[in-house]
Amino acid sequence: MKRIRLTVQLLYTIITNGYAYGFLNGKIYQGNLKYVCVPGLNCYSCPGALASCPVGALQALLNRQGYEIPFAVLGFLFVFGSLMGRFVCGWLCPFGLLQDLLHKIPLFHKRKRLPFHYILKYGKYAVLLLLVCIGSWFLFGGSFAKIPAFCKYLCPSGTFFGALPLLAANEGLRSQIGPLFFWKLGILIGILCLSIKVYRPFCQYLCPLGAVYGWFNRFSLVQIRWEKEKCISCMACQRACPLDLKPEEISVSPECIRCGACREACPASCIHFGKHQ
Amino acid sequence: MLTLKNNAKTSGHIPGWAAGLLTGFLFLAAGALRGEYTVIFRKAVMICLECIGIG
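If you read the sequences in order, they're chains A and B. The first sequence begins at -5 in my numbering and counts up one residue at a time. The second sequence begins at 2 in my numbering and counts up one residue at a time.
No lab work stands behind these hints: they were computed from the structure. Just so we're clear, the structure is a prediction, and the values are computed from it rather than from any experiment. Incorrect hints may appear among the rest.
In silico SDA-like links for lysine to any residue, alpha-carbon gap of 20 Å or less [what the hints assert, rightly or not]:
1) 140(A) / 56(B)
2) -4(A) / 263(A)
3) 140(A) / 20(B)
4) 21(A) / 46(B)
5) 21(A) / 48(B)
6) 21(A) / 50(B)
7) 269(A) / 20(B)
8) 269(A) / 14(B)
I would like the entire structure built from these sequences, with the hints used as guidance.
The structure is reproduced here in C-alpha cells:
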C-alpha cells in the first residue's frame, strides 16, 4: 500500500507539473488547461504546473471588484470533495508528498502531532477564514487592490514549487527579491524542518484545502470502512495511523487523509477501502 | 422531493456524495455562465508575484 501510494503521488505530481520547458527557461505554462483546477495545493506559478491551484483560483475570484460568490472554484471543490474527501491530501497533493518524504528522513524522534494538537488543529480553519476568505475578500493592498493574502503571506507550496524554480531560472525575477520573499522562505524552511519530526504539520495545522476537504470526509464517495463487529480492538490501526486516529474516527474524521496505513496494519482485516453506501 | 441523507439505502434518497457532486456541477455551470473561468485563466497564465514572494 505504501509503495502504491508513493507511486500515485509521484506520478500525479509529475503529470500535473509536466511542463519541463518552464523549469528550463523560468517561464510558466500558458495553455488552456489553466482554465481548470487540480484537486491538490499546486501553485499555478510553478513553472511545470499545467492547471490552476484551487486556493489561488478561489482568491483570484474573491479579489474581483464587489463581493460575488466564486461559483467556479466552489464547484471544483464540491466535485473533488464529494468524490474523494481528504483522499486528495493523502494521495494527490504535491506538498503532502514533499512532507511525506521529509518525514522518512531518519533524524529526530518522530512525533505524530504537535503539543496542543487539539487547539492547533483548528489553525487550518482560521487560515481558511482569515487569509483565504476574509483576507482576499475584504482586505485591501496599498493600491486599493484586493490581495491573495494566503498566497502572499503564507503558502509554502508556492514558495517551494513556484518561487524557487522560477527564481533559479529567471534572472529578471531574481533581481526583484525583497523582504516578503525572505518571510515566505522562512515559513517554508520552518515547515520543511518541522516535517522531518512531525507528520505533515502543514496539512494538519495550516492547509485551507485540507479544512475544506475535511468537511467532505464524512460523506465522500471514497471511504475507508471499519467493520466494528469484526474488530478485535488491538488498536494496531491507531498505532499505524500517522495522525493517531482511533478506529471509529478513521475515514469520518476531518483529519483522516485516507493513506491506508490502518488497513495495512489491521490483523483482522476489518478495515478496507470502499465506497460510501 | 429528494431527501439528502448520508446513509442512503432507502430508495428515493440520494447519498451525500451524490448531492455534493450535483451541487458541484451546478456551481461549475454557474461559474461558466458568469465568466469566472476567464478570471482564473488570466490569473493562472501570468507569473503570480504574490505567490513567489515578490509582489
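Hint check:
Among the hinted pairs, residue 140(A) with residue 56(B) is consistent with the structure: their alpha-carbon atoms are about 13 Å apart, no more than 20 Å. A distance of roughly 17 Å separates the Cα atoms of residue -4(A) and residue 263(A); the hinted pair therefore holds under the 20 Å criterion. About 33 Å separates the Cα atoms of residue 140(A) and residue 20(B), which puts this hinted pair outside 20 Å; it is violated. For the proposed pair residue 21(A) and residue 46(B), the alpha carbon gap of about 10 Å is at most 20 Å, so the pair holds.
A C-alpha spacing of about 8 Å is found between residue 21(A) and residue 48(B), which places the hinted pair at or below 20 Å, so the restraint holds. For the proposed pair residue 21(A) and residue 50(B), the alpha carbon gap of about 13 Å is at most 20 Å, so the pair holds. At roughly 15 Å between alpha-carbon atoms, residue 269(A) and residue 20(B) fall within 20 Å of each other, so this suggested pair holds. For the proposed pair residue 269(A) and residue 14(B), the alpha carbon gap of about 17 Å is at most 20 Å, so the pair holds.
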